[in-house]
Amino acid sequence: AQTVTQSQPEMSVQEAETVTLSCTYDTSESDYYLFWYKQPPSRQMILVIRQEAYKQQNATENRFSVNFQKAAKSFSLKISDSQLGDAAMYFCAYRSGIYNQGGKLIFGQGTELSVKP
Amino acid sequence: DAGITQSPRHKVTETGTPVTLRCHQTENHRYMYWYRQDPGHGLRLIHYSYGVKDTDKGEVSDGYSVSRSKTEDFLLTLESATSSQTSVYFCAISESVDPRETQYFGPGTRLLVL
Chain A
1 AQTVTQSQPE MSVQEAETVT LSCTYDTSES DYYLFWYKQP PSRQMILVIR
51 QEAYKQQNAT ENRFSVNFQK AAKSFSLKIS DSQLGDAAMY FCAYRSGIYN
101 QGGKLIFGQG TELSVKP
Chain B
1 DAGITQSPRH KVTETGTPVT LRCHQTENHR YMYWYRQDPG HGLRLIHYSY
51 GVKDTDKGEV SDGYSVSRSK TEDFLLTLES ATSSQTSVYF CAISESVDPR
101 ETQYFGPGTR LLVL
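Same order as they appear, the protein sequences are chains A and B. For the first sequence, this note's numbering assigns the number 1 to the initial residue and increments by one for each residue that follows. For the second sequence, this note's numbering assigns the number 1 to the initial residue and increments by one for each residue that follows.
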């Protein structure tokens, strides 16, 4: 079975600084996607970024980028130029590329990010 | 935003009572999911549906049942609510199981079982 682990329950960053959230996962599959979701106080789940396991190039979306280390099964999220609106719970998630898995997402425990002005 | 609504948004109930949560989508997506969110656990899959009347269990399905009689509606039922089912429940939809497809989430339902 696949597992996702976020070992940092809480993180804090100064506004305009850079912060990295950690995520590790375990799987025996070769075809999968990894995601970071943001959950602000509104509770809405917002997709931040995704990474395909077959792609060596790290995904980037504006101020958000990932460091995907496939051999180490590590998938960290870097937020540059942190803004007050980045304060939220962040979830790392795994989705199998095997279609009979039903497309379900497997989530980590979450990291609560606070941004200090 | 994907057209997903959940009802009710908040509910307080007593132990032993039945509870039904509704997820409604306007996207005509085939796949629908129910997750629960608890501190320290992230989101965990309860049940999912891959078509009308086609459902399967997830990681934490004990004490829950689901039904899908129409493409747009996916119901989650707690037959006899327990305090351990106090949680925030999220519905999600996806057009297919292709992992390149984004899974969209509803706004969540906060359930308190006293």
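Because the hints were derived from the structure by calculation, they are not lab data. Values in this document were obtained by computation on a predicted structure and should not be read as measured data. Do not take every clue at face value.
Here chain A is said to cover these stretches of chain B; the calculated rule only asks that three of the stretch's residues, wherever they fall, bring their Cβ under 8 angstroms from a Cβ of chain A [claimed, not checked]:
no.: 1; segment: 3-11
no.: 2; segment: 31-42
no.: 3; segment: 77-83
One-sided and incomplete, this derived list gives chain A residues near chain B with beta-carbon spacing under 8 angstroms [stated by the list, open to error]:
no.: 4; residue: Lys70
no.: 5; residue: Ser80
no.: 6; residue: Gln83
no.: 7; residue: Phe91
no.: 8; residue: Gly97
Cβ coordinates follow ideal geometry from the N, Cα and C atoms, glycine included.
For this structure, which hints from the list above don't hold up? 1, 3, 4, 5, 6
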